[in-house]
Amino acid sequence: MNIVVCVKQVPDTTEVKIDPATGTLVREGIPSIINPDDKSGLEAALELKDQVGAKVTVLSMGPPQAELALREALAMGADEAVLLSDRAFGGADTWATSTTLAAALRKLDWDLVVCGRQAIDGDTAQVGPQIAEHLGIPHVSYVSELKVEGEAVVVKRAFEDGYQRIRAKFPCLVTALKDMNKPRYMSVGGVFDAYRKTIPVWGLADLDVDPANIGLKGSPTRVKSSYTKGTKSAGKVYEVDPKEGARIIVERLKEKFII
Amino acid sequence: MNVSEYKGVFVFAERRDGAVQKVAYELLGMGRGIADALGEPLAAVLLGSGLKDSEAAELIAFGADEVILVDHPDLGVYMTEPYTKAVVKAIAERKPGVVFFGATTIGRDLAPRVSARVKTGLTADCTALAVEDGTRNLLMTRPAFGGNIMATIVCPEHRPQMSTVRPGVMRKLERDGARKGRVSRLAVEIEAKDRNVEILEVVSEKVARKNIEDSTVLVSGGRGLGSPENFRKLDLVADELGGLVSASRAVVDLGWVGQDRQVGQTGKTVRPDLYIACGISGMIQHIAGMEDSGFIVAVNKNSGAPIFEYADLGIVTDVNRLVPALAEELKAAKAER
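If you're matching them up, the sequences are chains A and B in order.
The first sequence begins at 39 in my numbering and counts up one residue at a time.
The second sequence begins at 404 in my numbering and counts up one residue at a time.
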């Protein structure tokens, strides 16, 4: 069985801070990580490799430094990695990104494609299902459990108020939830091996894709403007003992006719 | 593509377990404003099996000019491909300029698949929508970078302009039973090959669960409470106020409470009349999910906690001693009335 896991290198947004003076994002010194949902998708693929045997390839689109995320994936136990990197891919929205990734997937051998549900920098959850549509294969998103039965996966698909158990025959794509497992650490031997492997870098010339459909030019959506959220003016803060605090709260709730 | 050929606003009216979901009415409330700004009609697209006229009537009462019913046995339980086929057909036949989906686990599965098939843009999890003067393009505003940045997205050269919209953010209209609207039916052919996955089991877990998005009072707990036992004491306050207990992501990750109670960027967006944050420091991801609440009270022992920047009333104290005292005060206040 061949599995391709799509991963994205993202800034650790839990570390992102706003500069109060300028109101802009402080990005200096923010570590880059493998997107958490993607990392759990990779772990699920590696568990299948351990249990039933599989070749696991990781695929990422990004700037040259995204190679670091792929090295980490190799050190966790992935067999091969491919980096999609080309200035022509830059500025892509989810439609153009999924078009590019689908073009790369057409060059690879796989039964199953695993993506994370969504990336923490954009939170869109769109790229996985869009890749599947471009490839003309079924997908199941919000997957919290995954196993293989013959030529199919059987997954648990989460909803707000329940779940479905779904069987999807190969070839198919699933999008993984972070909660589905706890990703393994890189092993010492794995790190050593990871740095001996070569990671091919594919650019526009390597893909069979219409240049009009990728990058900024191929993106139906545009960012018109962006801004950091200002904070509303803070209310009054009392430093008091707990009993007095409780009394103040109740008094204010009465004033506001909330109670 | 001639964008001027595309007219009207579509709302995907999500229906689960035979019931139209609250988010559908929220989208109609917001979509009504967009349709009026464009001077174009607003249609609800309702997919399901055994759809009733009364369901269409409700959608009209809450703002739709038209309800397009797509009734088919294979649309009873959500499955990606049959739903995609039905929505794509409705778009192909009617050429709407705008399509809204709820940013639910169904909407966020269906909308990307539809957008890829019709080759148009899709903007996820919007929290504000407007029509731009002059161009009449849809301005779709959404949070990114964990809520640190708001971005306004446009889709100028492709139609329809599509977005998913965060549940709980938009207001539904007052129900107006006298509103008039049109009901039409759209036929869709669903073949065996369209049922391209097999649903083995459907499990509903909503029994005994209450939805924090629907509660007018939330008493929310964070890591500052220190233990699951202290977290459970929030029930005392919530019960006195007739509200529910919600939580920050940190305590959901610690397993003190289920994910259905999580407020924030990766959880739910809530805007109760009263939000009491207990032992929550106020990471930006949490703030993104609750800052529009009517009245925000924050209790934290750390006076530097960012939550105080957003609170209407802040108490710096030992939260675990305040919680039982607050329950007592509330009980006493109730007895006075």
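Honestly, I wouldn't trust all of these hints.
Here are the in silico distance ranges between beta carbons for each label pair [what the hints assert, rightly or not]: (1) B:R598 - A:E187: 15 to 25 Å; (2) A:K207 - B:R588: 45 to 55 Å; (3) B:G432 - A:Y276: 31 to 41 Å.
It should be emphasised that the hints constitute simulated quantities derived from the structure, not laboratory data.
These numbers come from a predicted model, not from an experiment.
In this text, a Cβ means the ideal position worked out from N, Cα and C, and glycines have one as well.
Structure-based check of each hint:
1. B:R598 - A:E187: 15 to 25 Å: holds (18 Å)
2. A:K207 - B:R588: 45 to 55 Å: For A:K207 and B:R588 the Cβ distance comes to about 33 Å; the hint is violated.
3. B:G432 - A:Y276: 31 to 41 Å: Check passed, 38 Å falls within 31 to 41 Å.
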